[in-house]
Amino acid sequence: GNSVTQMEGPVTLSEEAFLTINCTYTATGYPSLFWYVQYPGEGLQLLLKATKADDKGSNKGFEATYRKETTSFHLEKGSVQVSDSAVYFCAGSYNTDKLIFGTGTRLQVFP
Amino acid sequence: NAGVTQTPKFRILKIGQSMTLQCTQDMNHNYMYWYRQDPGMGLKLIYYSVGAGITDKGEVPNGYNVSRSTTEDFPLRLELAAPSQTSVYFCASRDRAGGSYNEQFFGPGTRLTVL
Numbered sequence: 731g732n733s734v735t736q737m738e739g740p741v742t743l744s745e746e747a748f749l750t751i752n753c754t755y756t757a758t759g760y761p762s763l764f765w766y767v768q769y770p771g772e773g774l775q776l777l778l779k780a781t782k783a784d785d786k787g788s789n790k791g792f793e794a795t796y797r798k799e800t801t802s803f804h805l806e807k808g809s810v811q812v813s814d815s816a817v818y819f820c821a822g823s824y825n826t827d828k829l830i831f832g833t834g835t836r837l838q839v840f841p
Numbered sequence: 072n073a074g075v076t077q078t079p080k081f082r083i084l085k086i087g088q089s090m091t092l093q094c095t096q097d098m099n100h101n102y103m104y105w106y107r108q109d110p111g112m113g114l115k116l117i118y119y120s121v122g123a124g125i126t127d128k129g130e131v132p133n134g135y136n137v138s139r140s141t142t143e144d145f146p147l148r149l150e151l152a153a154p155s156q157t158s159v160y161f162c163a164s165r166d167r168a169g170g171s172y173n174e175q176f177f178g179p180g181t182r183l184t185v186l
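Read top to bottom, the protein sequences are chains A and B. Heads up, the first sequence is in the numbering used here, so the first residue is 731 and it goes up one at a time. Heads up, the second sequence is in the numbering used here, so the first residue is 72 and it goes up one at a time.
If you're looking for bench data, these hints aren't it; they were derived computationally from the structure. The reader is advised that the hints may include incorrect statements.
Said to hold, decoys possible - To give a feel for the contact side, a few chain A residues facing chain B, derived at Cβ under 10 Å: (1) F764; (2) G771; (3) E772; (4) K779; (5) G791; (6) T795; (7) A821; (8) S823; (9) K828; (10) F831; (11) G834; (12) R836; (13) V839.
Claimed, not checked - With a cut-off of at most 20 Å between alpha-carbon atoms, the simulated EDC-like pairs for lysine to aspartate or glutamate come out as follows: (14) B/K128 x A/E772; (15) A/K786 x A/E806; (16) B/K115 x A/E772; (17) A/K828 x B/D109; (18) B/K80 x B/D109.
These numbers come from a predicted model, not from an experiment. In this text, a Cβ means the ideal position worked out from N, Cα and C, and glycines have one as well.
Sequences are here, hints too, so could you generate the full structure?
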């Protein structure tokens, strides 16, 4: 079946460092792709999304590009802040009513 | 809009007890979902509904039941609670328009411990 795979965490960075969290998806069809963020003690909230190849989603300084050739949707941010500390989930929707989530990557940013 | 609300926030159950986790959304979304999130794991779909009166099983439905009598409410019932059901439970909803392009909106979660 379809799956979304993301890098294991935790990712530990100093403030203002560059962030990459890898995410790949199975290439059955052309899913819509999402990044969700979960801050401590809260539910998930959408960070950004892309619905077709070469689309770039962006929000709050985060970016991710839908790359069909590498079946990837890596999350990047040029300069992280302590307030970005959270768990990040990659997810895909393969023309169904359901989302398939990756296992989540915990990001810890230290001052 | 309150969005998606869940009650209770926390609950401790004894083995064999039953309870209902409540979920309500005020966005008039047709689609609603129940997930569980175990420590260090991603989200697993328990049940979902595409509209009032329609429900379907997800990845891990055993030990749970749902009903959807209104658009707004989607309660999750645990019968005969077991320690394996200790988890954080999230309810989510999604608009039908736009299909799979649309995001799901999540509630704040219910942390359940079964002892």
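Now for the hints, and whether the structure bears them out:
1. Given hint, A/F764 at the interface with chain B, holds; its Cβ is 7 Å from that chain's nearest Cβ, closer than 10 Å.
2. A cut of 10 Å between beta carbons decides the hint on A/G771: the least distance to chain B is about 8 Å, and the hint holds.
3. Because the smallest distance between the Cβ of A/E772 and any Cβ of chain B comes to about 6 Å, under 10 Å, the interface hint for this residue holds.
4. For the restraint placing A/K779 at the interface with chain B, the shortest Cβ-Cβ distance is roughly 6 Å, inside the 10 Å limit, so the hint holds.
5. Given hint, A/G791 at the interface with chain B, is violated; its Cβ is 19 Å from that chain's nearest Cβ, farther than 10 Å.
6. Because the closest C-beta pair between A/T795 and chain B is about 17 Å apart, greater than 10 Å, the hint is violated.
7. Given the 10 Å rule on beta carbons, the hint for A/A821 holds: about 8 Å separates it from the nearest Cβ of chain B.
8. Checking A/S823 against chain B by beta carbon gives a least distance of about 4 Å; that is within 10 Å, so the hint holds.
9. The interface hint given for A/K828 holds, since its Cβ lies 6 Å from the closest Cβ of chain B, which is under the 10 Å cut-off.
10. For the restraint placing A/F831 at the interface with chain B, the shortest Cβ-Cβ distance is roughly 4 Å, inside the 10 Å limit, so the hint holds.
11. At a threshold of 10 Å, the smallest CB-CB gap from A/G834 to chain B is about 5 Å, leaving the interface hint in force.
12. Contact between A/R836 and chain B, as hinted, is supported at the beta carbon level, the nearest pair being about 9 Å apart and thus within 10 Å.
13. Interface restraint check: A/V839 against chain B, minimum CB-CB distance 19 Å, threshold 10 Å, status violated.
14. For the suggested pair B/K128 and A/E772, the alpha carbons sit about 25 Å apart, so the restraint of at most 20 Å is broken.
15. Annotation: proposed proximity of A/K786 to A/E806 holds, straight-line Cα distance about 11 Å (limit 20 Å).
16. With a C-alpha separation of about 17 Å, the suggested pairing of B/K115 with A/E772 holds against the 20 Å cut-off.
17. Restraint check for A/K828 and B/D109: the C-alpha separation of about 19 Å stays at or below 20 Å, so the hint holds.
18. As the CA atoms of B/K80 and B/D109 are separated by approximately 16 Å, the hinted pair is consistent with the 20 Å bound.
In the structure shown, a violation is registered for the earlier hints numbered 5, 6, 13, 14, in ascending order.
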